[in-house]
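The primary structure of each chain is shown beneath.
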Amino acid sequence: DGGITQSPKYLFRKEGQNVTLSCEQNLNHDAMYWYRQDPGQGLRLIYYSQIVNDFQKGDIAEGYSVSREKKESFPLTVTSAQKNPTAFYLCASSPAGGYTEAFFGQGTRLTVV
Amino acid sequence: RKEVEQDPGPFNVPEGATVAFNCTYSNSASQSFFWYRQDCRKEPKLLMSVYSSGNEDGRFTAQLNRASQYISLLIRDSKLSDSATYLCVVNQRDYKLSFGAGTTVTVRA
Chain A
1 DGGITQSPKY LFRKEGQNVT LSCEQNLNHD AMYWYRQDPG QGLRLIYYSQ
51 IVNDFQKGDI AEGYSVSREK KESFPLTVTS AQKNPTAFYL CASSPAGGYT
101 EAFFGQGTRL TVV
Chain B
1 RKEVEQDPGP FNVPEGATVA FNCTYSNSAS QSFFWYRQDC RKEPKLLMSV
51 YSSGNEDGRF TAQLNRASQY ISLLIRDSKL SDSATYLCVV NQRDYKLSFG
101 AGTTVTVRA
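Protein sequences appear in the order of chains A and B.
Per my numbering, the very first residue in the first sequence carries number 1; after that it's consecutive.
Per my numbering, the very first residue in the second sequence carries number 1; after that it's consecutive.
Hints are not guaranteed to be accurate.
Unchecked claim - Below, a list of computed lysine-lysine pairs in the BS3-like style, where the Cα atoms sit at most 25 Å apart:
1) B:K96 with B:K42
2) A:K57 with B:K45
3) A:K83 with A:K14
4) B:K45 with B:K2
5) B:K45 with B:K79
6) A:K57 with B:K79
7) A:K9 with B:K79
8) B:K45 with A:K9
9) B:K96 with A:K71
10) A:K70 with A:K9
11) B:K2 with B:K96
12) A:K71 with A:K57
13) A:K83 with B:K2
14) B:K45 with B:K96
15) A:K83 with A:K57
16) B:K79 with B:K42
17) B:K45 with A:K71
18) A:K9 with A:K71
19) A:K57 with B:K96
20) A:K83 with A:K71
21) A:K70 with B:K96
22) A:K14 with A:K71
Read the hints as simulated data drawn from the structure, not as lab findings.
Bear in mind the structure is a predicted one, so any value in this text is a computation, not a measurement.
One chain only, chain B, in its complex shape (with noise of 0.2 Å):
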């Protein structure tokens, strides 16, 4: 089993619309966890952590549930340039952060 697993999308979704997507990870002890965004042939930057209390930052909301590892994150109200690659980011151990391969969303006018 993969340490982090997305699912690669694309979500394709007209501007306006809600997307919402998950990552499941694999190390029930991990305790730091991140969304990313990348955007085509650039690096990843952070876009939030979250939160076991869940947390919002303007139009993203991120969940984190650890009963079921797994984290989410939610776009509301969605605009154009919303279109990237969103990473899952999990910490394995102290060191180590595991990236999923990535959701690709895409948003349409």
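Chain A with its partners taken away, still in its complex shape (with noise of 0.2 Å):
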């Protein structure tokens, strides 16, 4: 099944502690992004990617790193540094950035504790 993956589904956290959040897709598509939804709020964004060894940062980048060594993935670390990191954490894909629709994984909800 082609998709995209995200895991895992709900993650704890501790003040002070770096998380990862994994995503990976088969669609080969080219253009992966971060995006980060709070109750009753759009979805923001925090990183993006158009190919493989190249991101940018989005509107909310602060306090948070990406790294895109493989077409396939686009994992998103959740520093320390992200004071109100408590979010619903949504990857998703394009074939052709912004021109496209986006494809969403199921989403990470990530609890600071």
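Got two chains here, separate frames each, mind docking them using the hints?
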């Protein structure tokens, strides 16, 4: 089955810890994205990558880091510098950047305890 | 001004009713427009793309008004299963899709 897989589905982090969210796609899409969603709000772009070994900051990149070493994979690290990390994190991919629709993984719900 | 703005609703309608809502966008150079559906605590899923001439998919009709910079979604003959949050999505630049905060629709029996 083709699609985007995010893991884990639920993640609990202690304050001061870094955590890494996984995102893998087998759709052969060039572009990949990370979004954050808070209750009652729209999706906000954290990072995006249009090709392997290249990525750009989105609107709320502070406290986050990414890598794109393989076309299929775009992991997101939430660092201790992110002051309010509790949120729903969504990874997406698209075949041609912003001109085509994006396909989403099932999301990771991160909670700081 | 936000890049994409939507009426948050909620729109509470009976089964069989027609419901319509709009979304405005700020970038006149935007080229691509979409409606997504998001169920509670789930990921957004593409409902339909929006084309310049308007388009229909079953009970759903989408329209684009470039002059006034808004897109609309109309749902005819509402079903209970249409209850969801509908996200308006607009591309701002070649890489970026901007999402509205969503319009909540609740269809009651």
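Each hint, compared with the structure:
no.: 1; hint: B:K96 with B:K42; in the structure: holds, 22 Å
no.: 2; hint: A:K57 with B:K45; in the structure: holds, 24 Å
no.: 3; hint: A:K83 with A:K14; in the structure: holds, 12 Å
no.: 4; hint: B:K45 with B:K2; in the structure: holds, 22 Å
no.: 5; hint: B:K45 with B:K79; in the structure: holds, 18 Å
no.: 6; hint: A:K57 with B:K79; in the structure: violated, 40 Å
no.: 7; hint: A:K9 with B:K79; in the structure: violated, 30 Å
no.: 8; hint: B:K45 with A:K9; in the structure: holds, 17 Å
no.: 9; hint: B:K96 with A:K71; in the structure: holds, 18 Å
no.: 10; hint: A:K70 with A:K9; in the structure: holds, 22 Å
no.: 11; hint: B:K2 with B:K96; in the structure: holds, 15 Å
no.: 12; hint: A:K71 with A:K57; in the structure: holds, 18 Å
no.: 13; hint: A:K83 with B:K2; in the structure: holds, 24 Å
no.: 14; hint: B:K45 with B:K96; in the structure: holds, 17 Å
no.: 15; hint: A:K83 with A:K57; in the structure: holds, 18 Å
no.: 16; hint: B:K79 with B:K42; in the structure: holds, 19 Å
no.: 17; hint: B:K45 with A:K71; in the structure: holds, 22 Å
no.: 18; hint: A:K9 with A:K71; in the structure: holds, 22 Å
no.: 19; hint: A:K57 with B:K96; in the structure: holds, 11 Å
no.: 20; hint: A:K83 with A:K71; in the structure: violated, 30 Å
no.: 21; hint: A:K70 with B:K96; in the structure: holds, 21 Å
no.: 22; hint: A:K14 with A:K71; in the structure: violated, 31 Å
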